Structure formats: C-alpha cells, structure tokens
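Colleague: Letter by letter, the chains look like this.
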Amino acid sequence: AQTVTQSQPEMSVQEAETVTLSCTYDTSESDYYLFWYKQPPSRQMILVIRQEAYKQQNATENRFSVNFQKAAKSFSLKISDSQLGDAAMYFCAPPVGRKRFGAGTRLTVKP
Amino acid sequence: GAVVSQHPSRVICKSGTSVKIECRSLDFQATTMFWYRQFPKQSLMLMATSNEGSKATYEQGVEKDKFLINHASLTLSTLTVTSAHPEDSSFYICSASTGTRVETQYFGPGTRLLVL
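If you read the protein sequences in the order shown, they are chains V and A. Take the first sequence: its position 28, counting from 1, is numbered 28 in the working numbering, and each next residue is one higher. Just remember that the working numbering sits 111 ahead of the position in the second sequence, which is counted from 1.
Please keep in mind that the hints were generated in silico from the structure rather than gathered at the bench. Treat the hints with care, since some could be wrong.
Said to hold, decoys possible - Lysine-lysine pairs mimicking DSS-like chemistry, simulated, CA-CA at most 30 Å apart:
hint: 1; chain 1: V; residue 1: 99; chain 2: A; residue 2: 131
hint: 2; chain 1: V; residue 1: 78; chain 2: A; residue 2: 152
hint: 3; chain 1: V; residue 1: 55; chain 2: V; residue 2: 73
hint: 4; chain 1: V; residue 1: 99; chain 2: A; residue 2: 175
All of these numbers come straight from a predicted model, not from anything done at the bench.
Sequences are here, hints too, so could you generate the full structure?
Modeller: In structure tokens, the structure reads:
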C-alpha cells in the first residue's frame, strides 16, 4: 500500500525561525514523486514542493526545502524564516496513487 | 498556470434534492480528475477517480449511485450528490492531473455542502 505517516499533529514556530515537519512513507515502487501540500484556513490545497525520487538532490522552493532520505523512506519539509502566512495544515501526499494522504500537521506561527 | 476551479463554493440544499458540483481545469488538459471528501479537522478521503470519457472508479464504501461522477471533457468533471441527506454535508474537493500515479495534482478550492 502507498501510505504516508505524519507523526506530528501540531507544530509551533516563532516567526522568522525554522521548523521541520516530518513525513515517512511506504512504497514498493521505484519510480515515484513526493509532494507536500499546504491547506490554509481558506481550505484551498496548495502545492508547496515536489521531490522526484530518482533525484538525490533535495528539492528547494524559496524558503521551503525537503530532506529526502530514500533508504529511510523519509520526506521532511523544512520551512525557513517562517512567516505568519505559513500557518496552515500541511499534508504529505502518497508517493504513488492518490488515496491516502497523511493525517496532516497543523502549523502555528507565533509573532 | 495549473489552475483548477470549482463551483459552487458553497451550497445549502434541502434533504432529498440533488446537488451538482463542477470542477474545471482552466489552463491545462486534465486526463484524470479526483474527488475527495474532507471532514472537519481530518485529512482528505478519496472518493473516486475519473478519466475523461470513461466511467469513474469509486473507492470502497463510496456509493456510486449516490455520488454520480461525469468526466465529459479534458477540462470538466462533475460530481452530483443525489437525494442528499444531512450526513452528506461535508467539504468536497476536486483535483486535476495529467495522470493517475505520480503526476502532480492541482486542487480546486473546494465546495462546502450543507444539507438541511
């Protein structure tokens, strides 16, 4: 089964600080992508970052970066210089298929 | 790019009526669209996968006669909740993609359905 596990229901970070959200996954596939999505209070799901499994280099999008550990099947999201607008639910998407998103991590940003 | 719209954003209906929700990919051709349901403070639950021109594939436990899905074109999929009941009240989200396995999904803004 293509499953993901987010073990942090809630996280909090001070504005301008760095926070890391964890995600582990399970797959037997060799070709897959990993995604982090953000869901702010508006409930619109927004793609944050994407990692291709065959690439060893960690993906980066401005203040967002990932720590991809393929052997450990770990895919954590690092948010640097946290901003108030980063407050949201963050979901890790399954590596293959679309069924089982992670349970989500609620990120609070303190001013 | 990669914008997905969903309409209506919220709808209130009476028990027993049917409600149609539209999902459109505005700037790309979506061979596959997905419909999710999200309960408060929970993750997304996949209801069905639809491919343009073919019947939708429903997840276990989802009544296909209750939740009718049509994917008539590469840019439009519709979800019709038939004979809606209060327990169907929820937040429904669609997403569009160019594939079913590893391709990026782009999500619509969601539809909040309230059945009285």
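Colleague: Each of the hints needs a verdict: does it hold here or not?
Modeller: Evaluation of the provided hints:
1. V:99 to A:131: Measuring from Cα to Cα gives roughly 23 Å; hence the hint holds.
2. V:78 to A:152: Given pair residue 78 of chain V, residue 152 of chain A holds - Cα atoms ~23 Å apart, limit 30 Å.
3. V:55 to V:73: 14 Å, holds
4. V:99 to A:175: 17 Å, holds
Of the hints listed earlier, there is not a single one the structure fails to meet.
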